[in-house]
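Okay, here's what each chain looks like letter by letter:
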Amino acid sequence: MKLVIAIIQPDKLEEIKEELYRSEINLITVSEVLGHGRQKGVTEFYRGAKETGNLLRKIRIEIAVNDTFLEPAIKAIVAGAKTGETGDGKIFVLDMKECVRIRTEERGSTAIG
Amino acid sequence: MNSGDTAWVLISSALVMLMTPGLAFFYGGMVRKKNVLSILMQCFIVLCLLSVQWVLYGYSISFAPGDGFWGGFKWAGLAGVGLEPYADYSATIPHQAFMIFQAMFAIITPALILGAFAERMKFSAFLAFILLWVTFVYGPVCHWVWGMGGWLRKLGALDFAGGTVVHINAGIAALATAIAIGRRKNLEKNVPTPHNMPFVVLGTALLWFGWFGFNAGSALAANGLAVNAFVVTNTAAAAAGLSWAFIEWIKNGKPTVLGVASGAVAGLVAITPAAGFVSVIPAIFIGLLVSLFCFVFVSEVKRKFAYDDSLDAFGVHCVGGVWGALATGLFASKAVNPAGADGLFFGNPQQFLVQIAAVAVTLVYSFAVSMVIYKIVDSVMGVRVGEKEESIGLDLTQHHERAYTILE
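Going line by line, the protein sequences match chains F and U. 1 is the number of the first residue of the first sequence in the working numbering; add one for each residue after it. 1001 is the number of the first residue of the second sequence in the working numbering; add one for each residue after it.
These are computed hints drawn from the structure, not numbers from a lab. C-beta atoms are modelled at their ideal positions from N, C-alpha and C, and glycine is treated no differently. Take the hints with a grain of salt, since some may be wrong.
[Said to hold, decoys possible] Beta-carbon label-pair distances, calculated as ranges:
no.: 1; chain 1: F; residue 1: 32; chain 2: U; residue 2: 1156; range: 56 to 62 Å
no.: 2; chain 1: F; residue 1: 85; chain 2: U; residue 2: 1069; range: 47 to 53 Å
no.: 3; chain 1: F; residue 1: 98; chain 2: U; residue 2: 1252; range: 39 to 45 Å
no.: 4; chain 1: U; residue 1: 1069; chain 2: F; residue 2: 18; range: 53 to 59 Å
no.: 5; chain 1: U; residue 1: 1186; chain 2: F; residue 2: 91; range: 16 to 22 Å
[Said to hold, decoys possible] So the derived list for chain U, only partly shown, Cβ under 8 Å to chain F, looks like this:
no.: 6; residue: 1186
no.: 7; residue: 1242
no.: 8; residue: 1396
no.: 9; residue: 1401
So here's chain U without its partners, still in its complex pose (with noise of 0.2 Å):
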């Protein structure tokens, strides 16, 4: 057991843990203000539901010996998941350290698919649709690439801090559940612009200062290889806020404040897979080129395909994630993490090929099983809100409140 170790990981646990109102007001900026609320009752319900849901069953699926699909119950109610160090995952910190850094990313992720269905979900199918995804797909995705046995990470996949587990597997969930759901109401003629700019800035930041511990934390010690994470995270996010600045600035003639923030956060969702095996000079191109990629799919793709991914759940965080996944193939160094293994770029073109199967698998698995719920959970109680609720915004007709008052 080791004290420093111990208290990084706590505290990387409290980053994380912050990293999910930070999405709050991030998504919540963009929305319209009478929706606000809705997205702000979204994340922080995720938090709650989520929380108590790893310990009951979650971390076992997730992380119990079981087989290489499953982690079975074994670990239902913290069985067994001591104040001891668990070896496999971790030899310096009490299990239940390990266990509560985990739960953070458990609660991100589904928190995160919620910007491609905003400002038209009910809530109640919103809690059902949460708890099954997860359930689901979270758990045994989370198994497959991290638990002990788990088939993707026997195949020898990198995915430092979630690149695959997190982001991708997110976004493109955010994908199916844009395309099931449908469009927003009249969004021709009645183009939905973000309401407060500066909560997105806010939540951006939030987001940054959080993901020193999704990334330096998923070291699980306080040593050298958490601190090249912390470095390379930092990189990344710069030059992704810079490149898509300079992109929009070249396209569009001015660069925007939103546009930063979006370049920032995809450029932390590109470095994170990487974070523990590249250095800094690839961090610098992750960051670069996943701007490009994201500023693509979300100015053009979307628009052409016509889904409605509101707030580019699948835009950002699937595309910068399939990017940072094949990136870590190509920029991977053992001169990093001994533990890890050489990319394409450093004489391995074997691992490039394991990213992309792993990427794969997850796109399609995730796909697949987010549509099946959703039409499960549409079937059983109906996803959409009706038109007239659509129109008066989720706040008042799914919460009774509202966010901002004129009067007063």
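Chain F with its partners taken away, still in its complex shape (with noise of 0.2 Å):
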């Protein structure tokens, strides 16, 4: 089991949404973050007062997969994300000690899907 979790642009989110479904990939989970990368995010001005490299807002998605989805999940949100240009975003893939499904109780695998 691994955690997928995407860091992207948010006009990317529908797109990368259609790439999932179509991968069969349908439980996801969706928050808005505020980061930069290399391209140092933008200034701000408020009242004269300047206020350089802040924060632009990004999209933060959390797959949880079977490790036979992991490949499909990564494909997708490239697929989805990708422009070629600086701060497309990154994808970081985690182990995942355990799955619970609250509703029963299941356990591991079988509760991911």
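Hey, can you piece these two chains together into the complex? The hints should help.
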């Protein structure tokens, strides 16, 4: 079992969701986050006070998958998010120790899907 | 000079002023949160820019006694526009009261257009476009319909508070700019949803409130005609809000908040030219039907022809304005306003034809000149922001600010 975390551009979310559905991955969690990578964010001004290197809005996606779905999940995220420009984002893959479906108390890989 | 009339026109001017910030919230709630400040900013800067433009030369080209097409610069800098009444426009209030009332109309009209190109226009190009537009589109059309000697006024076209001058004029310019600037990036995959519906409702409420000044103030007196305009304005807005909700309920299964708000605004648009010429039962018909026409345009026609009129400036203001202008030609009655005319349903088909002519002239002139102005601005400075700026949003890229923080 793996936990896939992806940080992506906000306007790419819909395309990534479509790609994931196409790979029959229907369970995702999405949150709004702030961050910047090599592009160093933006400059803001408030009554003349300058703030540089501020953070930009990003979307963080979390998907728990069984091992067989790992590559399809990564491919789907890349297919939806890649433009080739700086700032397309990152995908992190973590080993996942346990998964519990609260309703039935099932555990492990049967609880994921 | 009449103190009651003067007081009412000054209060009405303040009410109409409030409509522009109201519109800012109405539109601002409908865009994505990365662009809300750009909408508020565009509305607010129009208030600043055109308040100055109007006293310098805007009022003169619209209202000075020039020829049938252009007022000229005789009243530039408000030369000769004093504190005594100018009887040709309003015999009972100071000339400057009439001037400042009209200023608020000149401010909100170009602000209406920005709904069409929301989320993708450069701020510098916006300023240039708006200044040219009020000079070469609003100024002349206002003169034709309302100015002394204006040729549409002589023709007998009825436009009580600005259905043609304000709503058709801005609405068709909105269509021209939406076509010219093109669709927002990635629109099919990434359908933009309103980021703050409570703002939309707040904006609608402020518009409705301000519209009492817009329509009832257009009587330019605290009299029975103002009361008629007030009552039919409220009635038509209410009927249209109800109508839109029920259309959605039947068609889509649930009535929406955005639908009722859109309906109310469409009703206010439609009653604007008719407010001083029709009675209350026709106002209900005008309101009920305008939602049907606007609904078809914003949900069907827009999709079919794939123009990105982002916030439906054309679909509500032009469509609603055309219906209102034509409905005035149907329902107008001299029993309401002896200074007006009878419409088709009161035995005067000629009036309906005059209304069609005024609508057609405004549609053609405003569409064509708006398109030319857009192309000129585009060739000089480029109108549309870059793809990356559009993606990050106009608040950060055009103004170096953001509306909301996530942290703190």
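Verification of the hints:
Residue 32 of chain F and residue 1156 of chain U have their C-beta atoms about 57 Å apart, which keeps the hinted 56 to 62 Å range intact. Against the hinted window of 47 to 53 Å, the Cβ-Cβ separation of residue 85 of chain F and residue 1069 of chain U comes to about 51 Å, which satisfies the hint. At about 43 Å, the beta-carbon gap between residue 98 of chain F and residue 1252 of chain U stays in the expected band of 39 to 45 Å. About 54 Å separates the C-beta atoms of residue 1069 of chain U and residue 18 of chain F, a value consistent with the hinted range of 53 to 59 Å.
The hinted window of 16 to 22 Å between residue 1186 of chain U and residue 91 of chain F holds, with their beta carbons roughly 21 Å apart. For residue 1186 of chain U, the interface hint holds, since its Cβ comes within 8 Å of a Cβ in chain F; the closest pair sits about 6 Å apart. Interface restraint check for residue 1242 of chain U: the shortest CB-CB distance to chain F comes to about 34 Å, outside 8 Å, so the restraint is violated. Contact between residue 1396 of chain U and chain F, as hinted, is supported at the beta carbon level, the nearest pair being about 5 Å apart and thus within 8 Å.
Hint on residue 1401 of chain U holds. Least Cβ distance to chain F is approximately 6 Å, under the 8 Å limit.
Of the numbered hints stated above, the single one contradicted by the structure is hint 7.
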